[in-house]
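K.L.:
With the sequences and hints as input, model every part of the structure.
Residue numbers (the numbering used here), protein chains in the order written: chain A, 1 to 251; chain B, 1 to 323.
Keep in mind the hints are simulated off the structure, nothing from the lab.
Misleading hints may appear alongside valid ones.
[What the hints assert, rightly or not] Which residues of chain A face chain B? A few of them, derived with a C-beta cut under 7 angstroms, are:
#1 K17
#2 S85
#3 T87
#4 E89
#5 T93
#6 T94
What you are looking at is a predicted structure, and each value in this text was computed from that prediction instead of being measured.
For every residue, glycine included, the Cβ atom is placed at its ideal position computed from N, Cα and C.
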Amino acid sequence: MSVYRTLVRRELGAAFKSLTGYIVVAATLLLTGVGLVDLIDRINITATPRPITEIFFSQYLMFWYTLILTTPIITMRTFAAERSSGTYEALVTTPVTDWQLVLSKFVGALLFFVIAWLPFLAVLFVLRKVTHQPELMAMPSTVGAFTGLFLIGSLYTAIGCFASSITHNQIIAAVSSFCVGGGLWALTIRPGVEDAPHSFWIRFMDYISVTRHMQDFSQGFVDLRAVIFYVTMTALFLFFTHRVIETRRWF
Amino acid sequence: METLPPMIEVQSLTKKYPGHLAVDDISFTVGRGEVVGFLGHNGAGKSTTMRILSCFMPATSGTARVAGHDVFHESEEVRRRIGYMPENNPLHLDMRVREYLKFRARLKGLGWRRSRERVDTVMGQCGLTDVSKRIIGQLSKGFRQRVGLADALVHEPDLIILDEPTIGLDPHQIRSVRALIKQLGEKHTVLLSTHILSEVEVTCARVLIMQEGRIVADARTEDLEKELSLDGQVIVEIAAEAEAIRAVLEEVEEIENLSIVPLEAGFNRAIITPMPGADLRLMISEQARSHGWAVQELTRRRHSLEDMFIHLTRKEPRKGVRN
Chain A
1 MSVYRTLVRR ELGAAFKSLT GYIVVAATLL LTGVGLVDLI DRINITATPR
51 PITEIFFSQY LMFWYTLILT TPIITMRTFA AERSSGTYEA LVTTPVTDWQ
101 LVLSKFVGAL LFFVIAWLPF LAVLFVLRKV THQPELMAMP STVGAFTGLF
151 LIGSLYTAIG CFASSITHNQ IIAAVSSFCV GGGLWALTIR PGVEDAPHSF
201 WIRFMDYISV TRHMQDFSQG FVDLRAVIFY VTMTALFLFF THRVIETRRW
251 F
Chain B
1 METLPPMIEV QSLTKKYPGH LAVDDISFTV GRGEVVGFLG HNGAGKSTTM
51 RILSCFMPAT SGTARVAGHD VFHESEEVRR RIGYMPENNP LHLDMRVREY
101 LKFRARLKGL GWRRSRERVD TVMGQCGLTD VSKRIIGQLS KGFRQRVGLA
151 DALVHEPDLI ILDEPTIGLD PHQIRSVRAL IKQLGEKHTV LLSTHILSEV
201 EVTCARVLIM QEGRIVADAR TEDLEKELSL DGQVIVEIAA EAEAIRAVLE
251 EVEEIENLSI VPLEAGFNRA IITPMPGADL RLMISEQARS HGWAVQELTR
301 RRHSLEDMFI HLTRKEPRKG VRN
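P.N.:
Here's what the structure looks like:
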């Protein structure tokens, strides 16, 4: 356990010792902030009874752009950087197990993801305080949206860790995890899914639709099926990562 | 009392990369407390062998055991017992010296208190105390190398494996790193690789010479040197006429070849090649004394390990020379 803690601390430390870490936090805050300002402008023109969190997380593209762009940058260094600098050799020749390695890298990146999004939560609270409109960010919607954000973030982080584990090159890691993450989003963004006939594929796409999940979450519905989907998919990508790490001991 | 298994036991170890045979069926044993030098050109298979021993990569065939544990099947046990410094000494350049060593100590399973104690000890041992708060990326190469060494020994491993520990250092730094390795050899088993021969002469009691993935020589450094110096030429500088020297020395049966070169101030230098196995120094000094000749130098030219290395790796790459 202490080895695991040491590794997680190192992961977080490395993220904040590099400029990249601060840039990611700043970029997340900037993109979401710009999005929020734009959204408030629109609400000022056309009134809506829905909480701002619901609109932001379910319909607003800026949220998805931020998520899909920043997670590959958070995760790209996890394995690829260690491999290209050679510290990977020093790391895997210590008595650290492969699972300790994979989980600590994942948890470190996920914690960083959470840290990068926390300022946005603070912004929402400030907004609520300033506007004196509690309904602007209704509690169920906020809790649901951030639970969803955490779950989707876990999956995207796991995808990023996997992408980083298969290469020496951080750019390749970032681009491939961007493609998978972006692809998953683009594939399931199809509108009007609810009206379509209930064929297997439509139901399947609906089940894996990250945008659809986020709509539910941001309305305050935490659907257990969606939770299971994210937990299993995250576990699956971590398992793949573990496999990649393990196979490197075989050849 | 149960006898402990040898520190390293390598049996018919082979490592193939696609289209290239890096290590070709090598076997050797290293006992506890030995300091062994792995010598060879770049690409001779030294690093590959070390990487297999440190569980970084598996062998294609054959077995390797460290302290009785198989490197493939009991990798965790092996990794617990070794301190490995990879080639080029990769470090986290963004960390501070003390922070890095503590991080490494914790990874190697040391508790909080123990890791603090050990880090202090190894920093003292490696002369890092003054730079303990410096960022590794800002240190000179010599200091970085010491950080790598400190890392290798922070958890008091039974076996220390160092892949080219003095590469890229200036002569001063090489000296201090060598002194450190020698000191380590008093307590630990050390396996180090290098292509600098004098390094092996200075630090190692035993040498394994590798060439094209094979071990071409395995001997004690001392024995090698002795063997090499036996057929060495004797050089003597005497204040006497060349003819007189020739007359005296030509009577000695054990001399195979003799050449005399005149020097300044009435001195002549005689270069004497003896018959194999003969040591002529005593005889020559006695002859000089009995004739009343002044001697300003009497020495036996020793083959260096370098000569041996070139001899072995050039002429007979496939013939094993064993002690």
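K.L.:
When the structure is checked against the list of hints, which entries are broken? Sort them ascending.
P.N.:
none
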